[in-house]
Amino acid sequence: MNRPATTTGMRDIDIARTKLTGALAETWTTPSGFWGALATVDHKIIGRRYIFTAFVFLALGGVLAALMRIQLAQPEARLLGPDRYNQIFTMHGANMMFLFAVPVMEAVAVYLVPLMVGTRNIAFPRLNAFSYWIYLAGGMLLWTAFALDMGPDVGWFAYVPLSGPQYGAGKRADIWAQMITFTELSALAVAVELVVTIFKQRAPGMTLDRIPVFVWAMLVTSFLVIMAMPAIMIASTSLILDRLVGTHFYNPAEGGDVLLWQHLFWFFGHPEVYIIFLPAAGMVSTMIEPFARRPAFGYLGLVMALIATGILSFGLWVHHMFVAGLPRLGDSFFTASSMAIAIPAGIQIFCWIATLWDGRPVFKTPLLFIIGFIVTFVIGGLTGVMVASVPFDTQVHDTYFVVAHFHYVLIGGAVFPLLGTIHYWFPKLTGRMMSETLGRWSFWLIFIGFNATFFPMHILGLEGMPRRIYTYQPDLPWHGLNLFISLSAVILIAGFLLFFVNVIRSARSGEVAPDNPWDAPTLEWATTSPPPSYNFAMIPVVGSLHPLWSERDTLPVADGLRTDRRELIVTTLATAEPQARDASPQNSIWPLWAAIATTIMLIWSIFSPWAVVWGSIPVAVALIGWFWPKGTPEDES
Amino acid sequence: MLATPLAGCGGNWQSALDVYGTSAISLKHLIILIVAVCSAVWMLVMAALIAALWRGRDARPAPAEPGRERRLTIAVIGAVVATVLIISTFTIMSFIATRALTVAGQDDLTIRVRGLQWWWGLEYVGPDPSSRFETANEIHIPVGRNVRLKLEGVDVIHSVWVPSLAGKQDLVPGRPNELTIRAEHAGVYRGQCAEFCGMQHAHMALLVIAETQDDFDQWAAAQRQAAARPPDEETAAGLQTFLAKPCAACHTIRGTAAAGTSGPDLTHVGSRRTIAAGLFETTRGSLAAWIADPQTIKPGNNMPMVPLTPDELRAVSAYLASLK
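Chains C and Z, in that order, give the protein sequences. Take the first sequence: its position 342, counted from the start at 1, is 1053 in my numbering, and no numbers get skipped. Take the second sequence: its position 41, counted from the start at 1, is 82 in my numbering, and no numbers get skipped.
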C-alpha cells in the first residue's frame, strides 16, 4: 500500500518490527478484568464466547434428546407426562435450531472470517458484541422458562391455532415467539457484519476468485439470513399480537388464515436448513484441501453450487405443506424445485470425491469427519429427494421417516463438518492441538452411534409411527426398534462426551500448536496460534487462492496502517484494491447496556403491549450512548 | 391393552408397507421403486468415495496436471448429468402418481370427518337426511368402494392417516379438505392423527373397518336407530345417572334427553371396538375406569372427572356397554 499524502499518527512502517507488535498490541488488546471482558469488541473473544455458548446449548439439547429416548424406549412409559414431553420436544427443536445450529455456524464465522480474509476485526464490532449479548439473553429466556415449567409446548414450528390465543394457554407460546425475536435479531446483526467484512475488508489482492470457499459460503448464508429471517419475525410478531392484543392474523373465524402461518414459517424455515448446511459445506470445501493435499477440485463449481442452493432454497417451502390441502398442481411445482436442489448438492459431493480421488488423503480426525459427512449426508439428501415427491410424502410426512431424514441432514450434513471444524481450527482457537487418539475414538462412536440411532427411524416411519407422540400403545409393533434406537443413542452420547473431554483436556494441556500445523493454504494460518489481538502485524497481500501454498516462505504484506489507533484496510468489492484506511471502533460497554435494555423491553412485551412504549426509552438512551460522537476522524483514502 | 382382532389382515395394521387400500398399494410401489433407485445411487457414490480414498494410498506426482484435471471434470459433469436425469424421472413419476391420488366418483359414500382434541367426530352423509347418522372414532366402509372423507378442522390442525389404506391429509380450521380411500380387502385398519395437536396427540387413533357391502349396510342400519331402551334395572339406573349428572351436557344418546355435542356421540358406543379414541377395548370395565378417572388415563383431555358413587359408576358403565 502506498503511503498516503496526509500522514498523521504513528505508522507501522515508521517503527521496527519488534516495536511494531508491541505498539499494535497496546492499541488492540482488550484490557483484562471483568469490565474489559464485558466491553470487548474483539471478534476472536466474542467468536470464542459464541462458539462456547452454542456448544453449551448443544449439550443441553442433547440431554433433552436423551430424556425423549428414555421415554420412548418402552410403550406407555410414565417417565414423562404429555405436558413435559411436549415441552421437551419443543425445546429440543427450538434449542437446536435457534440456539445451537444457526448461531454456531455464525459463531465460527465471527471468529474465522476476519482471519481468513486478512483483516484486523469484523465490520461493526460493537454490533457484534451486541448480537452476542442478545443471543445469550434469548437462550436464557427460553431455558429459564423451561426450568419454571413455562417452556413452549407447541413444537418448534408453533403452528396456529394450537399456538394461538384460544388453544395455547399461558405464556408458553409467547416465550417461544419472543425467543425467535432475540435469536433472529442477533443472527441478522452477524449476517450484516459478515457481508460487510467479506465485501469491504478483504486483504489487498483477494479478488472474488481468491476468496476461500468457507468465506463464500458465509457470504451466501448471510444473504439467506437477511432475506429469510424477516419472514419469521413478521410471523412471530403477528402471533404475539394475536395473543396479546387480539389481532386476528391467524383466526379463520375473523377472516384470518391458519395456513398463512405455515407459509410465513416455512418461507423462513426452509432457507433455515441451508443457513445451517451451507456453512458446513464451506467448511468441508476448505478443510478438504490440506487433508487431500491438493486444491479443492472445481472451485468455480463449488461456489456456484453454494449460490444456486441459496437461490433455490427460497422456492421449496411448500414441500413442508404437501398434505395441508394446497392445489395439487402447485404442489408438483414445489416437487420439481425441491428435487432440483439435489443438483448443486450433487455437484459439491462429486467435487469433494474428485478432490480425494486426485489427492493424497491424510487420515486425520477432520478428514474422518468429512468422510463420515459424505456417507451420511448423501443418505439425508436422497431421503430429501424422496420426501420431495408429493405422493411419497403423503405416507411419510410427520412420521419418524422425516425425523430420520432431517437428522441425517442436520447431524450428518452439518454437525459432522462442524466437529471436524473444531478439530481442525482448534489450534487457531486455543493455541493447542486436540488429541488425535481421542478424536478418532469420538469420531467412530459418534458415526456408529448416529447411524444406529437414526437409520431405524426411517423404518419406524414407514411402519406408521407419527412424530411428536409422547408414547405409543403396546399393540403397535414399534417397541423393538424403539428400544434399539434408545440403546444406540447411548453410543452416540458417549461419542459426544468423549469429544467434550477431548476439547477440555486439549484446551488445558494439549500439545502446543505451531502457526500452521496442517500445512493449510489459507490466511488464518499465516498468523500465530492463537492470533494476536490485531490478527496480523502487517496485513497480507494475496496473490492466489492458496496464498500459503503459492508463497510458502514470504507472504507479501501491505504497510501504512497506523499503530496508535485501531485501523484496518478497506478494499474494493470485486478486485480488493486498497481504497481507504478505516478506523475500527474501540471497546465499549454500551452494546451491553443496549442489549440489557432491549432484553427488558422484549421480555416485558410478552406481558404488556405498553412495554414497547416505555421500554423503548432505555433502549434509546443506550443507543445514544453507543453512538455518541467521540471526534474520531472518518476514513482516510 | 388393546386386543382387537386383526380381522383380515395378518401383520401390521398401521403401516405404509403392509397395504390393503387402492391408494396405499400404488404408493407402496412408488416408495419401493424410489428407495431402490436411491439405494443404488448411494452405493455408487460410496464406491466412488472408497475408490478415491483407496487410490490415495499410493504416492503420486503432485496434482494439477492438465490431463488429470480434464478427466476429473468429465467424470464430475457425467455424474451431474446422471443426477439431473434421475431427479427429472422422479419428478415426472411423482406428478403422474399425484394425479392418480385425487380420483373420485359421483356416487361415492361420503363421510364428514371432524378432527377435535383428541377424538374424531364422524357423520355419514346420505342422499336424504333420514339416512344420516353420527358416530365417533370408528369408520366402517364397504370393501371395493370409493369413500370420500370430507375433512373439517374444528379446533386445531389434525391430520387423518390410515397408512394401510392411503396417505394422510390435514384437517385445517377454515379450509375444508378431502381424502378418498378405498379398501381392497376386508379388515381392521388403524390410523392416528399425524399433525401435532397438543397434549394427547399420541392418543388420537381411529379405526377403519372395511367389510362387505351387506355387513356395512347392516351396520349402517343399526347405527341409524336410536339407542335401545335399558334392558334391565341396573342399566335403567345408569341412564338416569347419565341424564342427572353433567354427562348429558357433552354427549348425545339419540332417543334420550342427552343431546350434548362437545363430546363423542354415544348412541351406539357399546358397538364400537374402542373408547377414548383407540385407547381401550370397549368393555364394561374399561368404561368404568375411564369414567372414574379420565384425567389420569388420558391427561389433559377435555372430559372432566365427574364424582360418582360406586353404584352410580357401575350403573353408568353397564348402561353404556349395553348401547350396542
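Hint data in this document are derived by calculation from the structure and do not stem from the laboratory. Given the structure is predicted, the values throughout are model-derived calculations rather than measurements. Where is the CB? At the ideal position from N, CA and C, for every residue including glycine. Don't take every hint at face value.
[Unchecked claim] Quick list of the computed label-pair ranges, beta carbon to beta carbon:
id: 1; chain 1: C; residue 1: A964; chain 2: Z; residue 2: D256; range: 36 to 42 Å
id: 2; chain 1: C; residue 1: G881; chain 2: Z; residue 2: K365; range: 41 to 47 Å
id: 3; chain 1: Z; residue 1: V125; chain 2: C; residue 2: G792; range: 46 to 52 Å
id: 4; chain 1: C; residue 1: L971; chain 2: Z; residue 2: D256; range: 43 to 49 Å
id: 5; chain 1: C; residue 1: D860; chain 2: Z; residue 2: W83; range: 40 to 46 Å
id: 6; chain 1: Z; residue 1: W83; chain 2: C; residue 2: V1324; range: 56 to 62 Å
id: 7; chain 1: Z; residue 1: S67; chain 2: C; residue 2: V907; range: 51 to 57 Å
id: 8; chain 1: Z; residue 1: S80; chain 2: C; residue 2: E1147; range: 30 to 36 Å
id: 9; chain 1: C; residue 1: G792; chain 2: Z; residue 2: K286; range: 47 to 53 Å
id: 10; chain 1: C; residue 1: G881; chain 2: Z; residue 2: R186; range: 45 to 51 Å
id: 11; chain 1: Z; residue 1: I66; chain 2: C; residue 2: G792; range: 37 to 43 Å
[Said to hold, decoys possible] Stretch-level coverage of chain C by chain Z, calculated; a stretch enters the list once three of its residues show a Cβ under 8 Å from a Cβ in chain Z:
id: 12; segment: 792 to 798
id: 13; segment: 1048 to 1057
id: 14; segment: 1131 to 1144
id: 15; segment: 1203 to 1216
id: 16; segment: 1250 to 1261
Task: Numbers of the earlier hints that this structure fails to satisfy, in rising order - done: Hints 9, 14, 15, 16 contradicted; others consistent.
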